[in-house]
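Novice: First to last, the protein sequences are chains L and C. With positions in the first sequence counted from 1, the corresponding number in this note's numbering is that position plus 15. With positions in the second sequence counted from 1, the corresponding number in this note's numbering is that position plus 15.
These aren't lab readings, by the way, just hints derived from the structure by calculation. Certain hints may be false.
Remember, identical chains collapse to one label, so a pair may be satisfied in a single copy or spanning two.
Stated by the list, open to error - Listed next, the in silico DSSO-like pairs over lysine-lysine satisfying Cα-Cα at most 30 Å (straight line): (1) LYS34 x LYS228; (2) LYS183 x LYS163; (3) LYS56 x LYS172; (4) LYS34 x LYS174; (5) LYS34 x LYS163; (6) LYS199 x LYS56; (7) LYS228 x LYS169; (8) LYS56 x LYS34; (9) LYS228 x LYS172; (10) LYS267 x LYS34; (11) LYS199 x LYS169.
The residues making up each chain are set out below.
Protein chains: 2
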Amino acid sequence: MNYCYLNGELILASQATLKLNDLGLLRGFSLFDYMRTYNGKPFMPQYYMERLFNSAALMGLEVPINETEILYYIEELIGLSNLPDCAFRFLLTGGYSLDSMSVTEPNFVIITENLPLEVPERFEKGVKVISSEHLRELPEVKSTNYMKPILLAKEMKSKNAYDVLYHKYNEISELSRSNFFIFKGDTLITPSTNILRGITRRVVLELANQHFKVEERIISLDELREADEAFTTGTTKKVMPIVQIDELQIGKGEVGSRTRLLQQLFDQFIENY
Amino acid sequence: MNYCYLNGELILASQATLKLNDLGLLRGFSLFDYMRTYNGKPFMPQYYMERLFNSAALMGLEVPINETEILYYIEELIGLSNLPDCAFRFLLTGGYSLDSMSVTEPNFVIITENLPLEVPERFEKGVKVISSEHLRELPEVKSTNYMKPILLAKEMKSKNAYDVLYHKYNEISELSRSNFFIFKGDTLITPSTNILRGITRRVVLELANQHFKVEERIISLDELREADEAFTTGTTKKVMPIVQIDELQIGKGEVGSRTRLLQQLFDQFIENY
């Protein structure tokens, strides 16, 4: 029984509702974020808060409570959760609209969720992804528009693909819900524009800087052929190796040694967090 | 006090809610439609039903009740409304998702709404619009993603603009919530691709066919300079003249005689409906 914060109250998530004239529901005008705990502690909360408030500013929405208040409610929700670790889904919508188009006082929700279980084999053997031409509307905003990957769900399932890698104008940006990296030799490269700035991406870059040359720059679609290794980073995916993109095998088609090192460094980081 | 249909029940719209794990709310995976009455009768219901079911099919969602059942509930809602005329907002979402990404049994809602009041002067003097580079993700689907016009709301207000005209790759498509037409001499031209096929557009084309040469084809951004008249059509906008696009005055900057004829023909059509 998970609880949630909804506009000032802590209630059972299963009993929480929004009215039909919420602008997130009527017009998709809504943003979210997704933070998790490690060892029962919120992971890098200041990074997540920074991103949440940045998304809100870019959409012209005001988060109704401040960072300190949010982190207070997070601690309350952890206490209520009875879980060793959990995730928090923040949702900030355009509010209850009187004319179904005008933004009003935002609705703000923090939902406690069970962490999804990741298949351990994937971290060992890597995953396959498909590519698709797409660019999110406001890439730096974690908006709720996920029409693209939901429409691709059947194709991904039939191709046994883990996720979809977006590209547009021959430039790679990100996966549907995580960031993208390649290794060319000892150089780690990750797109720097048209992406959501992932928190795991940020931590991995900090860890990688001590071991590899790091380049944040455009990766062209063609450059994938030159990649020795590839992986994606995300809050629940951590460092997830990618060994195939469409029909292209990356490197030897198995998890490379550099990706393994980053997995180990990240696992150590969260173990000691 | 307007009523709504929500998953099989008729209840007060102000008391209707959806749970937080609705996929329309969490992931913007949702479509809608908007039908109105004239003289207390649903306007062209078969056209609206066709479009609603087409949107649903393109998004892989099944409308839980059939057309006959929908029209039965519409009559019930009209009876409960106590309004001479009203509008119905249909909303079909990806349902309550267990993992916040997978589509389940759709939630289906029909909300009775008061018709927005249109300023009569606009029909007489025409409106100004701004243009913006944009292409909706699935143009033939009336999806709920309206991030673009909501983000532009401040700019539109400051420029006294009525709406925004979308173009991409130098091709004009539509306004944020209505279709676009120009007259060049006695030829009526309207975009045929990358648009939502409006019901008022369809009726106006049927009426115009008897008086003008009609071309459904691409209109380039540059071609606007050659337009003698312009207007937009929509369920609540009917035939709304456009006399200025950004800094460009259309024709003489006043409502042209051909647009006036179409306004009269449409007004006659709805008067006798």
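Novice: Confirm or reject each hint.
Specialist: Hints, verified against the model:
| no. | hint | verdict |
| --- | --- | --- |
| 1 | LYS34 x LYS228 | neither (51 Å within a copy, 47 Å between copies) |
| 2 | LYS183 x LYS163 | both (14 Å within a copy, 19 Å between copies) |
| 3 | LYS56 x LYS172 | neither (34 Å within a copy, 45 Å between copies) |
| 4 | LYS34 x LYS174 | neither (38 Å within a copy, 32 Å between copies) |
| 5 | LYS34 x LYS163 | both (26 Å within a copy, 23 Å between copies) |
| 6 | LYS199 x LYS56 | neither (35 Å within a copy, 66 Å between copies) |
| 7 | LYS228 x LYS169 | neither (38 Å within a copy, 44 Å between copies) |
| 8 | LYS56 x LYS34 | between (33 Å within a copy, 28 Å between copies) |
| 9 | LYS228 x LYS172 | neither (36 Å within a copy, 49 Å between copies) |
| 10 | LYS267 x LYS34 | neither (52 Å within a copy, 46 Å between copies) |
| 11 | LYS199 x LYS169 | neither (32 Å within a copy, 46 Å between copies) |
The structure is inconsistent with the numbered hints 1, 3, 4, 6, 7, 9, 10, 11, although it conforms to all the rest.
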